[in-house]
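Colleague: Sequence:
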Amino acid sequence: MVLFATLASRLAFLTSGASFPAVLRTGGLLLLAGSAQAQALTLSSVAPTRNALAASRATNVAAVFSQPLSTNGTPQQALKVFSRQAGGRKAGTVSLVGNTVSFDPAIDFKPGETVLATLPTMTLTGGGPVTLPHVFQFTTAAAAAPGTFNGGSEVVLGTLNHAHLAVGDVDGDGDLDFVTTNVNANSVSVRLNNGSASFSGTQEVPVGNAPLDLALADLDSDGDLDLLTTNLTSNTVSVRLNNGTGIFSGTQEVAVGTVPQSVTLGDLDGDGDLDLAVGATGDGQVTIRLNNGSGTFSGTTAVGVGNQPVSVVLGDVDADGDLDLLTANYNDNATVSVRLNNGTGTFTGTQEVVVGSLVRDLALGDVDGDGDLDLATVSSLHNSTISIRLNNGSGSFGGTQEVAARTDASTVVLADVDGDADLDLLATSHAYLDGATSIVGSNGVSVRLNNGTGIFSGNQEVPLVQPTTNFNSPLDLALGDVDGDGDLDLLASNSNNSVSVRLNQLPPPAFTLTALMPGRNTLSAARSTPVKVTLNQSLSTDSPTLGALHVFSAQSGGQKAGTATVNGSTLAFTPASGFRAGETVFATLTGSALNLAGNAVKPTVFQFTTATTRSNALFNAGADVALSAAPAGVALGDVNGDGALDFVAANPLINTVSVRLNSGTGTFSGTQEVAVSPGRTPEFVALGDVDGDGDLDLVVAASDAATTNTGSLIVRLNNGTGLFSSGASYSIGYAPRSVVLGDFDGDGDLDLATANGAAGTLSVSHNDGKGVFVETQRFNLRSTVANIAVGDIDGDGALDLVATTALTNAVQLLRNGGNGLFAIAGTLSVSSPGSVALGDVNGDGTLDVLATSGATVSVRLGNGAGAFSSGQSLATDGPLYALALGDVDGDGDLDVVGTSYNTNAVSVRLNNGAGTFSGATAVAVGTLPYGLALGDLNNDGTLDLATANRSGNSVSIRLNSQVLLATVPAQLAAQVSLYPNPAHSSVQLHLPAELARHSVQLRVLNTLGQVVMQQNLAGQVAQQVSLPSLAAGVYQVQIGTRLGVIHERLLVE
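If you read the sequence shown in the working numbering, its first letter stands for residue 1418, the second for the next number, and so on.
Derived by calculation from the structure, the hints in this document are not laboratory data. Hints are not guaranteed to be accurate.
Calculated cross-link-like contacts (lysine to aspartate or glutamate; reagent style EDC-like; alpha-carbon spacing at most 20 Å) [to be verified]:
#, residue 1, residue 2
1, LYS2187, ASP2110
2, LYS1949, GLU1670
3, LYS2019, ASP1959
4, LYS2187, ASP2164
5, LYS1949, ASP1959
With these hints in hand, go ahead and build the complete structure from the sequences.
Modeller: This is the structure in structure tokens:
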């Protein structure tokens, strides 16, 4: 609590005696006077001491004079104490004992509040020396606290445009409420606290036009907090008086300077009431208006300061007993103006203190513990700093300390957030736009702790609302004990019409992920696998937790339907239908998963690939499906829900997307042509369930034929039967050539990113959950962006992006900050890269990068932390246009498939399981193959392929075939065992050395012949196999080796 006290510094006093004929009575302070023996009365000391930092909240306010005071008369008016957070003018008792006048508040002060106490100017009744008021301030102790901010809530205020914020007990119930200005609605929102930091209410107080700053203070001395606002366009300050219950009324508008931005209050003339000072950026002045004691303001004083004073504060910086004035000047070579008070509210001086650039806010406080008021300002640069300038005790400031903050800081506050009796620093910061749409940084509050000498350190960043391209950002910051535990909590007003409440408390015990099933980047998960997440604490069984696991198939069913269950600390999702062979499945655990204490888990996204059946990877069968125009891109997915993969192909020449339905055997029919926006040429197409209704929708990247400035992202929603109609179009960078879908922000829906070819940009757009997208970032990669891929390259549970930029010979790495916002994290050097793919090609559980470079594929192996080492440079049959990874031979690793447009073929290179590729298969397809997709088109468990042939006016379908493996020789099969058998949760597989030289495939079948588990295992003589999802019963185990299949019986108990 910061306290201001005003007392007479020189009181006429006569020593007691019967001969004194005159009596001095001023307010309630009675002083005897005699002309023969009149002496000066001086102030000796105050308690708490001036600028004390940790006074008791129950402290009395006292002043000790040089000589005894008379106790005659009524002293109540001698000392007036004002609280800015609770009770306004404080009720209490003023007493005179000897040479001390003291005030005992009826109710203790609040932690961190600002209090003003005043003893007005005094004169002798019969004439004599005039006495001047005295001002001092101190801060009450906050309870010891961690100084870390967690939990709290977002208080939604409706659709109004909110700006500044203040806290105070406006309804007199003992807890702190908040008020915030609504710039567009010309009102102030009042929200009341229930005592536990939960805020409610609907009161909107009408004020002047475009209210920006506001303050709470007892203007009419009736014991409650009244309201003031600065009004930008009406050049006034609105005064609204409180009736004591938090209801504000009145119509007083006080004329002030042009474009008033900041308001503060204090007893400037020492008469016992609160006057106002207003910083006006339009005329570079501070308007002073004096209070008549009943909340009516008048006067014409204007104090000249620097250019554009955006923040004004009051404090006794020269220790002479009155309130001086300081302003932060936004556009005046980064200065703070210091103007000194002569005790009557008249300000002079020319001191300009140099601080950081583009200063936005200013705070005063004794940061180094030497008893005088220092200053802190914050700059609004992209790399913001907090400038600390120390006071020499006479109001002159120096020093060069700059404390690092985050991007575009706007508000600074000094407060003891950790309860160690010194003032810490807090500053709001917000993300900014780099160009039209690219968001850089994040929204939050920087907390820097004081070591007691004014040196600040730490890196705590308190997260606030998510940034968006429409400037959703924090605007103001206030501190106060809103939950009644004695420490300082923080509140921030946000431009998205909410107030963030963050409580000062230790974070809850880490609620974290301990296991995934299938594991992250698993390569051969059973197609019937459940998806499970296990955490380190027991889970709630409520609906939000049961709905927290979202599983997305890109080929069948979109967001999968199924059943969710909680068993202790494990959340399991069992899909109603199985996955497709060889598809990559993405799963999101959203933040709606709660533990028993109601704490939310950090969202995480992971992926796995389902197993395929053994095949020869020769692709001998199939046909070319004729289209009416030259297709560029192709995608596979079951769009009509019949269990077979259909295809969609983008036709840039006729501005349509062809939809052809699969009979289930890899033959296609149909005539549906989905029209895209007129004048748009579709180049690339993707399928994904963007509206979460369980079917695959159509996403098209298209160029604008009429301009070279823009491209379009076109969304067409599926009605569930494979018919696409409704949707929307969005402007993105010119000539988009690739689009990927993924849950970037962990909220359970599919977002998207596009590589905007000739524009040299990469666009990121977020989904509202209903298939409506907002572009949030656009990166200028300064080179043609040919292709893009998505995956978690650093293992932090958030999907990252990689993109190829041919002219800079690089693969760009863009890491996700966990909130769906990306930053460029480095590059991989690849000569003229074209297409790019992500996948775990060496079986170590982390994603690797593969990029085409002419007729070769550059393989870069990941370390799991986002770094990559050089691998094989793989030769193919000719320059590749499209690249895909998939287990085309069913051996449990990812093989390379690419379209060679010069040779009208598809190159197939097989993986040895360690990320080394070999072979020379070239599958003949139609003329000039561009687009490529892999999927099981004839439901035999193997991966087939489809190519979009740009000059062949067709889509080539090439079918893979199963390999029927022979039986392993009896002498080797006899050496294979499963132990123990019967088994429980796991079993150990033993192989002879000859069979352990290569990887094996293990399949577990139930008594109905259904595959209930499939896993590819490394070649080892002995290895443990987990059986986590198998019910008790008898199973057949098929062990596929290079020499054939071994059959074993397994009993699970």
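Colleague: Quick check: which numbered hints come out false for this structure?
Modeller: Of the numbered hints, just 2 does not hold.
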